[in-house]
Structures are given as structure tokens and as C-alpha cells.
Amino acid sequence: FVPTFFGQESLVFPPLTDEQLRNLNVVLAVNPSGKDGVIFETARRPSLAGEDPAILTRTPNIEHRARIDHGLVVIHCVGEQRNTERVEHDSIDEQRFKRQVTLSVSSRKYQKIGIPAVLQLNSGPPTVKTHYPTKFEQGTNGPVFLGSHIEATDPEMVHQGFIGVISSMTVSGEPVDLGTVARSPEMVSYDSCQHGLCLHSSRCRNANNPKVSMDLKPEDVEHNRMLLYVAADYDPESKKHLSVSVSDGSIVYSYSDGEGREEIRTAPIEPGVEYTVVLSRNDSTTSLFINQQMYERKNEMKTFEPGTDLFVGGLPPGLDVPDDVPATSFFGCINKVGSYALFVEGRAV
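Sequential numbering of the sequence shown, starting at 1, is according to the UniProt record's numbering.
FYI, nobody ran anything at the bench for these hints, they're computed from the structure. The beta carbon of each residue, even a glycine, is placed where N, CA and C say it ideally should be. Take these hints with a grain of salt, some might be off.
To be verified - Estimated spans, in silico, between C-beta atoms of each pair:
1) Gly258 to Gln138: 24 to 32 angstroms
2) Arg261 to Ser284: 16 to 24 angstroms
3) His223 to Gly258: 38 to 46 angstroms
4) Asp154 to Thr285: 47 to 55 angstroms
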């Protein structure tokens, strides 16, 4: 499940542990519209022994919030003395809002000299600001909210609603399944491959099954051409990416984890011939099927968290890819894309 937000929805997740809140490390893959709104927030409130956390309305003594504010991505870290530390990242522009970005929010372990709050987009330079130490006093951690600001005194009302898509979230390096919590019937999933064909130079984000299939007829097999591409972020120097391409007369699968690269190369293919290509990757093996002939290898690379759309057949204008990935669009016909996806919701490929 990949939630789409229209400014009136929110998802509520269980509270972070004390350790997760003290050493905040949250990574979100988002596709914002550019309009103001809260992406992520959580807070800790003072409480007494045996008090029901669901009815706590006291002012938070610790609060973290990431939102879009007048074209900037901003995080707020609020401490015991209600000092709000605003960390802005000013490199987002209108073009960036049209594509998915990976947002990293962290506030490291409390130190005597201060707490560094960090905001990072994709693999760009982090924006860091140090704020005063916060006492981790007796209290209760509240829920994690995605897509809006929720007042403790009015939990049914959505404020500062986010408009866009949040396709994945990890907390302290662990993926969170966005489809496990209750949601309103009106909330819809962003699964564009289930609503229309993903053809030449189009984009589609994940569904729920860890494989993708394509029916295609290549017209050129001599030149290197893209079939599929997904990466950890949109940086053209990204070291973590997956691709399937036509290369030197064969279908080639490639996976890089930043430290190494693995590849599957099929037998030669012919122009003008129809092929069904199926890619399946699980925790231990990767399988590539060409017209039911299977090519398989054991996974040796570390998994990465996808931070881009899944691109089929080519790239939109202005987007670059690493040098080892063919950037030239596929030449031929892709007449069917299966309603599968390259990664399981909340988990890396």
C-alpha cells in the first residue's frame, strides 16, 4: 500500500521507543506537490504512572516534525524549554517537487554540548543545526503521524495536511509497512501500473508484489537501451540502483549496492521477436525469465531502500542515471506491463 494524500488524510503508527526517539533516524520517500503540509511528526508528553497515553494533552517536552513550508523542506525539533530549532533545506525547487525525493530526518543522541538536528534530501549535502540538550524526563511517547499535524486535544481533526505521495518509511534502519495501520476508506493507494499501461518513457511506482513482468518486441538489439530503472535516490552519481536493459544483443539485469555490482545476462535476443521478461528478487536469489527460460543467481549485494519511481522504457527529460545504466530509451513496443512491482511495500528490492 502506497498512500496518496490530498490534504485531508493521515496515517497513525505506534509510538517510537525511547531509544528511537533519543536517536531519531527516519528516512521517507515522498513525492510532494509543492504545497505546504506536514509529512511526519511525533512527540513525547509528560505523564504520570498508570496514565492512559491516549488522553494525554500536556504540552510536549520533545517534538519532531518534518514539513513543507513555503517551498522549503523544514524540520522542527522542540525541547524542554520550548525552543524550536528550525532546520531548512533550501535546495528544493519547483522541478524537484515534480519527482520523488528521499527525505532523511535525524536528531542524534543527546549530548552536553547540544543535539545536532540533520535534514538531508536524496544523497545531497546534509543541513545540520545544533540545539540545546533536552532532558529526557518521565513521559510517554505519542503516535507517529504521517500526512498531517494532529492536535492532542482534537485527534479527529487534520491540520496542515500534506498533498502528495509517501511511498516508504524506515525508522532506525528498519522498514515500516505503511499498509498495516487502520486508514479511512477514502484513502487510496498510488499504483499507477494498475490503472494504465506503463509504456515508453513513463513512470510507475510500486504495487505490492516483489516482481515485474513486461511483454515487449525490440526493434534494435545492437545498442544499449533501457527497460527498467529504480534507484535509492535521483542523484546521477547514485551507487545504489537496479536496472534491466537491452545490452549487446541480450537482456541484462544489473544491481549495485554502493560496494559492488552483480549481473545476469541472457542468451542473445532477436529484433522483431516478442519476449516476455519477468524479474523476481527475494531475500536470497534473483531470477530473470525470458519466455520462461530462467536465469538465476544468488544475491550477494546488500539491499537498498528505493527512493525513486520505477521507470519503464526510458527517462523523463532532465533526469540522469549512473554511467553503467543505459540512458537511451527502448526502441520497440512494450505492450503490457504486469501489475507487479519491483519491491515489496516498505522493503528494499
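*Run the structure past the numbered hints and jot down the numbers of the failing ones, going up.*
1, 3
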